[in-house]
Amino acid sequence: MARKIIQQKKTENIQNKNGHSVLTHGHINVSDGFNIDNVLHHIKHYLPSQTPLKDFIHHNSLHAFQDKLFYEGIFTAATIFGYQVTLELKDYRQLYSEGRIRKDVVKEIVEKRKGVISADFWKSCMLEKKYDCHLAPRIGWLRSHWNTRLNFDIDNKVQPLLFRILSSYLDQGIAIQKFPLNEKGFLASIRDLQKNSGEGFFKTKRAKDLLLNEDIGVYELLMILVGNESAFEHYLFDQQFSHRGWSGMVATLEAKPDSLLDKRRISLYDVVVLELLLEIDALDFYFKNRWNPLTIGLPINSYNLFAPVQKGEVMEVLSLWQDAFEWSYYDDVLSGLSKGNLIKPTDPVDTSFQAMFCIDERECSLRRHIESIDPKCETFGSPGFFGVEFFFKPEHGKFTDKLCPAPVQPAYLIKEINTSKHVEKDILFDKQSYHPGKGWLYSLGIGFWAGITLVKNLFFPKMSPAISNAFGHMDANGSLTIDSNDKMILEDSLRVGFTTEDMANRVEKLLRSIGLVSEFAPLVYAVAHGSSSANNPHHGAHDCGACSGRPGSINARVFAAMANNEKVRSLLNERGIKIPDSTFFVGGMHDTASDMIEFSDVAYIPELLKDLHKSNVIKFEQALNKNAKERSRRFASINSKDVLGNIRKAINNRSVSFFEPRPELGHGTNSVCIVGRRDISKHLFLDRRAFLNSYDYRTDPEGKILVDVLKPIGPVCGGINLEYYFSRVDNHKLGAGTKLPHNVVGLIGVSNGCDGDLRPGLPVQMIEVHDPVRLLVVVEHRPEIVLKCIQSNSAMYEWFINEWVHLIAFDPIEKKFFLFKNGEFTEYIPLRNHLGILENSELLFENASLMDSAHIADATKENLPVFVLN
Amino acid sequence: MTPLLHYFILLPLVAFLIGLIIPGSKEKHIAFSTIMFSSAHLLLLLTFMSLWVYNSFPIVDEKSLVFIKADDIEIFLDFYFDRITCVFALIGSILMLLVSIFSRFYLHREQGYKRFFSMIQLFFLGYNLIIFSGNYESLFIGWEFIGIASFLLISFYRDRYLPVRNSIKVISIYRLGDIALILAMWMSHHIWHENIVFAKFNDPSLLSSHLSEHYPSALFIMFMVVLAAMIKSGQFPFSSWLPRAMEGPTTSSGLFYGALSSHIGVFLLLRTAKYWETMPEIKFTLIVVGILTIIVAASITQVQSTIKSQIAYSSITQMGIIFLEIALGWHALALLHFAGNALLRTYQLLVSPAVLNYLVHDQFYNYDPSEPVKTNLGFKKLRSTLYVLGIKEWNLDFFQYRYLWSPFKWIGKKSGFLGNRKALPFVLAIFLCGIGIHFFRDEWPPIIPVFAAPVIALTGFLLILSSFSNSGNAISAWVHVVMGQLFVLLSVMLSNTDFGYHFILLWGSGVFIASIAGFWCLWLIQKIDNDILLNRYHGYVYERPVIAVVFLLSCLAFAGFPITPTFVGVDLLFSHVDKQHIGLIVFVSLAFLFTELALLRIYIRIFLGQHKKMTHAIAYKSS
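Heads up: the protein sequence lines correspond to chains A and B, in order.
Residues 0 to 869 in numbering that gives the first Met the number 0 are what the first sequence lists, from first letter to last.
Residues 0 to 622 in numbering that gives the first Met the number 0 are what the second sequence lists, from first letter to last.
Be careful, since some hints might not be right.
Stated by the list, open to error - In silico DSBU-like cross-links for lysine-lysine, where the CA-CA straight-line distance does not exceed 35 Å:
hint	chain 1	residue 1	chain 2	residue 2
1	A	K375	A	K122
2	B	K578	B	K199
3	A	K577	A	K640
4	B	K391	A	K437
5	B	K391	A	K310
6	B	K612	B	K27
7	A	K89	A	K860
8	B	K380	A	K430
9	A	K814	A	K648
10	B	K578	A	K122
11	B	K612	A	K194
12	A	K461	B	K391
To be verified - A short, non-exhaustive set of chain B residues, derived as facing chain A with CB atoms under 8 Å:
hint	residue
13	S208
14	E212
15	G247
16	V302
17	T316
18	Y386
19	K412
20	T496
Read the hints as simulated data drawn from the structure, not as lab findings.
By construction, the Cβ of each residue, glycine as well, lies at the ideal position given by its N, Cα and C atoms.
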């Protein structure tokens, strides 16, 4: 076998813009084969992209495969990386036998996809045929030969130390002593430590020399370890995916260094170099010179990680089942929506109040309850940052928080001033207690206090500085620098406050998008949401996704202030939106865990409206009671038949109890997103499963606004949905596993125990109740307009055309549904016309059964069907 | 008042047994039973303490259950209560109750809810046996319970690799401590000529005459006790196991490693303090160990970037200080320090997930981008060296593997030939020789059995060791251990004719059933895929949970865990090894050390770890 011999390898060390040392290979032979930049780019594409846990932004766990059709993408991922990407075959069959996958839907799906003639064959495959569902992933094959050849578990020798070094370097404040940083980056810091200390990280001389020789790059190291250039990429894939948590974190921090408060300069390249060195070190130490590069004698050319994936029969069967599972629910949703025309639209003249909520599906039930308590009110849904994007800097804060969807880069800064609160401390978290001497004093002194605190929290849980408090994000008594009075003040190259024009644009855009351009009620509420929880490293995942995983209280308050601003109103008036002087906007926030709402700036509510507000607050409270009761049916610790006050108290306690791993169930069960007027879904019981985005096709016949409304649906709602989907079907590899053994690492992530890899994804406590179905997006507009909108942006179009979310256009005129498939809309007629009518929802909640296990057949039984509200 | 002492053991025992029969799906019943029994325990303790205070702090000693009584040997349980017991019992009982309540919600719907509560109850039973123990035997039973409960809770997430690997790491080092205690007991038997109760240490005249007569042997006993204490309390150089033990649910980590289990070493020293108070060698050792631990553990704590390992090492540091306090005779302070440290670390572990939110918030408001301090080169070098050493945990884990276990693995590999089919006649021949010597011992000069015994023991030890390093068929590894044990038994019979048949029967009853049951379990598993090689983890517990339990029980019974009469047999076996037979005692104790390790290794390789069939979601090896 003739192999290219690389002569005269010349490497040069170039400092790139960031000061990273990047090794480029000057020789042409190298670049035509192995190019480290391309390979790393390729690897990063497939790595998890979760940022440090303080900000939790949901995204499609398999985003790398989104350029393929859904089933093709997930089964490719399964074949290459060994993920479980659907439920197990036996689970589908069990759901079928229990009637949760509908017979008529299975028949319809199989006939549609396979034709009537072969339908029976496929149905028998689905129901009876035995398959070998055994997965043998391609990843890891090459590197497993260290084990088979040398009987040497290289990961065991390298990973614990590698993880320790990485977490020490990236640590944001757990360790008492910081990593001695070299500003040139990770590898430079390691070199410094090696040079400056008597004891390095390596045991053998060759590895030490290689580290200190800055001319040595990945290529040379791989030559030593692997030997054959054509296997380099495969080797690096195997290596990095043996700890995808850490590799993903490094790649993410390389791309987004701002996601750390205490900045670090790190690159995947540096980590690969260190890991390769550690591997050489381990091999040299245990085998001296008695080991050979890995590829010698291996048939590597026949093994291609990314070779096309053959679609097997079992994949086809699984995809049929998955479709049937999804449509068993969707069909009822559409059937329910089709009954909307029976309901008369509310008379707009005497609307009692209007309230805007986040599109978040957790607000779906709260809105239903408010509407049932006060049928004259009107509710809207819009992404919870209310169209105002900015960085927020609390008084005394050393940093800023971004409060808008993750992809947006705001140019504005809102500062909090005149606050009365100061940051509270908890002595039991004091790092001094880890020192030997002070620790001695602490043990003797506050040790007993710790015991008392534990008792207090067990029996009388209440809010404390150690608990993540959604309302603590903002000081209700402080004020915000919202209106810049058209002055230009820059801070950290951000504009402090908004100009009148900026404010008017944002208010106008939001109001138009939800279709609230006239008929304003006296009080219009903007209710953001956040979530309080104790002992929960994943608290950010419960906060508002549209506010970069933070509570949205500031956004609501800022939006309300803008909409109340007189100059803004007069500008809006010029643009055709006439907000009466008698109308006042009030911001507020709903804590989705404790089920509390707090309103901000209530002191500014005009005297005339104060009583009205008070009566509205009572209505909100009643709705929260009902909401708490509805949620309580899922919680074993709460008796749903108890009096409302007790349920509220119990719900609140969950959010401040250290022993409660499920303060709330997050986005679990989400499955539908309805973009349209509330009137089309108001009559339905959707069980907290629907994202509700208000949009009025009548104010936007051309679909100009619709483009902007639909743009975030994929990344935000689809991202949430798919993260839940994949964490549900493979909680081991794509989820974070159970929370209980989690160990907080460097304040950036969690691992199991002290030696483990970082665990991106969602923990099992968040996804148990979730039915893994893709999101069904229903848009109320004519199909041709919807098509035009989604085609206007290729990133947005990818979500729909590749079927990572389903899309239905609900034609408001013809009252027909059109399903988007293969680039075109075709009519869909719901199979079942008859839906249950919900006479008494309270009874439904009270008689809910508790789940026996986290298995899908038990765990999601309580995901209620669609009902028509009485 | 004295008879009440039994109930401190009986309550957790009954709680454990009741917990076993409640079906796993009945979460409420499981938690309720645990909480009720823990509350009862605390109430009983408070009552007892009131009586105790009322009677002005007497020392209570009560001889309990007698296992066996022969001519010169008596093995019995003995209970004891003094202020040391009082403090440990109070803190233990309070924490057990609080953690049970905490876990009731925290563990909700976790797979293994029942397993968890059973294990903390078993642990609590062991803890009480230790702290109420009046002699080494009672203490040792508790010690074994704690060891196995720890093992099972570390490997609580048994479908992942790291917990399983770490569980065997921890139990290995624990087992070393067990053997140290066995040796202490063994020597104690020989120099006291009775099963000594701790209460007798309170008699200064008895003690001083005893010590002047047997000083070197007493020193040996105490060094073994100190070794056991060092291991349990993670003292230098045995520190690295403690953070690795934190693989189970956070609540069990808090209860075990934040508080009760890790402070057992402290208890052991306090309990035996009267005995070693006059031994300067022991005091000196404790001071050196304490100081080294403080230095090493504090420097490791400094650089820990994960919260649980940081708490673990800071707790070790504090225990180093407690060792110092004990050595210096400040026992009241040590007790107070234990109580405070246990409560603080348990609390810190329980709320450790909250640290992310708390410290990020703190950093947001109080961040200080301090520049590295400019210092002279020498100091910088020292700092960097300490930093790297801290990150590498002073290589403690590595050294342990390399210098403690690796040599035995190597010997085991080298003696793998003993398990060969070809070597079988040779092995049998040695065994038959031994039997021959035993039965016709009158025909031989008396020196022959004395020489033969260590050789037989060595052969047994090598067989067991070969099983320990075996990466081949699990059944053959099992058979080797059984053979090895028979050799060990024979060697003791050779060395001491007093080890009669009724003792053999006692020892053999558990071993016999366990060998058959274990063999049968492995055979059943082999039938599934015809692959039970020990070179990998198979995770069969996923498919065959019941067989896994039976096999585990077989392993424990075989290894002399106090669930069958074999436990007493093992004790007898040891006490029949004469003080002079150094070779014999070395091989016999090593054989016992590795028997349990070899068996548990078979258990975890065959039953635990990632399930080998990827027909469902499987964890990453690195997770």
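We went through each hint and held it up to the structure:
1. A:K375 <-> A:K122: Violated, at roughly 49 Å.
2. B:K578 <-> B:K199: The hint holds at about 22 Å.
3. A:K577 <-> A:K640: 47 Å, violated
4. B:K391 <-> A:K437: 24 Å, holds
5. B:K391 <-> A:K310: At roughly 47 Å apart (the allowed maximum being 35 Å), A:K310 and B:K391 break the hint.
6. B:K612 <-> B:K27: With Cα atoms ~34 Å apart, B:K612 and B:K27 stay inside 35 Å; holds.
7. A:K89 <-> A:K860: Holds, at about 17 Å.
8. B:K380 <-> A:K430: With Cα atoms ~25 Å apart, B:K380 and A:K430 stay inside 35 Å; holds.
9. A:K814 <-> A:K648: 44 Å, violated
10. B:K578 <-> A:K122: 77 Å, violated
11. B:K612 <-> A:K194: 47 Å, violated
12. A:K461 <-> B:K391: 40 Å, violated
13. S208: 39 Å, violated
14. E212: Hint violated; B:E212 Cβ to chain A Cβ min 40 Å, cut 8 Å.
15. G247: Status holds, d = 6 Å.
16. V302: 5 Å, holds
17. T316: With a closest approach of 5 Å, the B:T316 hint holds.
18. Y386: 6 Å, holds
19. K412: 11 Å, violated
20. T496: 46 Å, violated
Of the hints listed earlier, those the structure fails to meet are numbers 1, 3, 5, 9, 10, 11, 12, 13, 14, 19 and 20, in rising order.
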